[in-house]
Amino acid sequence: GAVVSQHPSWVICKSGTSVKIECRSLDFQATTMFWYRQFPKQSLMLMATSNEGSKATYEQGVEKDKFLINHASLTLSTLTVTSAHPEDSSFYICSATNTAYEQYFGPGTRLTVT
Amino acid sequence: RKEVEQDPGPFNVPEGATVAFNCTYSNSASQSFFWYRQDCRKEPKLLMSVYSSGNEDGRFTAQLNRASQYISLLIRDSKLSDSATYLCVVPMTTDSWGKFQFGAGTQVVVTP
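Line by line, the protein sequences are chains G and H.
Note that the first sequence covers residues 178 to 291 in this note's numbering.
Note that the second sequence covers residues 54 to 165 in this note's numbering.
The set of hints was computed from the structure by calculation and includes no laboratory data.
Since this is a predicted model, take the numbers as computed values, not measurements.
Any given hint might turn out to be false.
Covered stretches of chain H (chain G as the covering partner; in silico rule of three or more C-beta atoms under 8 Å from a C-beta of chain G) [unchecked claim]:
| id | segment |
| --- | --- |
| 1 | 91 to 104 |
| 2 | 152 to 162 |
DEER-style ranges, computed between Cβ atoms [unchecked claim]:
| id | chain 1 | residue 1 | chain 2 | residue 2 | range |
| --- | --- | --- | --- | --- | --- |
| 3 | G | S231 | H | N80 | 38 to 48 Å |
| 4 | H | P67 | G | S231 | 45 to 55 Å |
| 5 | H | G69 | G | T194 | 44 to 54 Å |
| 6 | H | Q116 | G | T289 | 23 to 33 Å |
| 7 | G | T289 | H | G107 | 40 to 50 Å |
| 8 | G | W187 | H | V162 | 33 to 43 Å |
| 9 | G | N275 | H | N80 | 15 to 25 Å |
| 10 | H | G107 | G | E264 | 22 to 32 Å |
| 11 | G | K191 | H | R119 | 50 to 60 Å |
| 12 | H | K95 | G | E236 | 22 to 32 Å |
| 13 | H | Q116 | G | S195 | 45 to 55 Å |
| 14 | H | V162 | G | G230 | 36 to 46 Å |
For glycine and all other residues, C-beta sits at the position ideal for the given N, C-alpha and C.
If we strip away everything but chain G, and leave its shape as in the complex, we get (with noise of 0.2 Å):
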């Protein structure tokens, strides 16, 4: 299958400061990412749509001042996480997906603020 990553795998940061995470499509040119967020024991819920060159379209209650997305080639996609707080604490997951609809996933950063 494809090949997805994400940096960093875990982050622990203080209130406040901004976070980066960075998710790339290793083995083939994805025009589109997604960016997903998953609290313990709740389905993934989609954040955002990071297309290539252009500006993310975000899901509805996403604060896209607080997600910065940026997609600046075919094979990387980052979101940043700006003046986090506690509450924003989460496993981000990013995807990719091919022509034939299959999705594939990075393995994830699990953010803590304290």
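Got chain G; can you put chain H on it based on the hints?
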């Protein structure tokens, strides 16, 4: 009603037994469906894609019932390693390429 609904379980299954569970979806126009498995604190991994009436891959069989709008996943000869949460995934809308709706997952626990 949720877009995609699953029985959360857990389904406690003796090793070697068969387990099956369903996923109902609300968008009758959906053409493709996916089962993913997610281990604790890990990312989902694609298990099976379903585009027509069903699909089979080894011990895993997925069936689609369009009339009743559900897909099922059956696991035969359960192994301890099958213990996981199984996520049902359906594209959100036909014109939103790549956007998916996830079920909350069905937990399967295979016991020795």
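Here's how the hints hold up against the structure:
1. 91 to 104: holds (count 7)
2. 152 to 162: Holds, because 6 residues of the segment 152 to 162 of chain H bring their Cβ atoms closer than 8 Å to Cβ atoms of chain G.
3. G/S231 / H/N80: 38 to 48 Å: Cβ of G/S231 to Cβ of H/N80: about 26 Å, so the range 38 to 48 Å is violated.
4. H/P67 / G/S231: 45 to 55 Å: Holds, at about 52 Å.
5. H/G69 / G/T194: 44 to 54 Å: holds, 51 Å
6. H/Q116 / G/T289: 23 to 33 Å: With a Cβ separation near 41 Å, H/Q116 and G/T289 fall outside 23 to 33 Å, so the hint is violated.
7. G/T289 / H/G107: 40 to 50 Å: About 42 Å separates the Cβ atoms of G/T289 and H/G107, which means 40 to 50 Å holds.
8. G/W187 / H/V162: 33 to 43 Å: violated, 26 Å
9. G/N275 / H/N80: 15 to 25 Å: Given about 22 Å between the Cβ atoms, the range holds.
10. H/G107 / G/E264: 22 to 32 Å: violated, 42 Å
11. G/K191 / H/R119: 50 to 60 Å: holds, 51 Å
12. H/K95 / G/E236: 22 to 32 Å: holds, 23 Å
13. H/Q116 / G/S195: 45 to 55 Å: holds, 47 Å
14. H/V162 / G/G230: 36 to 46 Å: holds, 45 Å
The structure fails to meet hints 3, 6, 8 and 10 from the earlier list, while all remaining hints are met.
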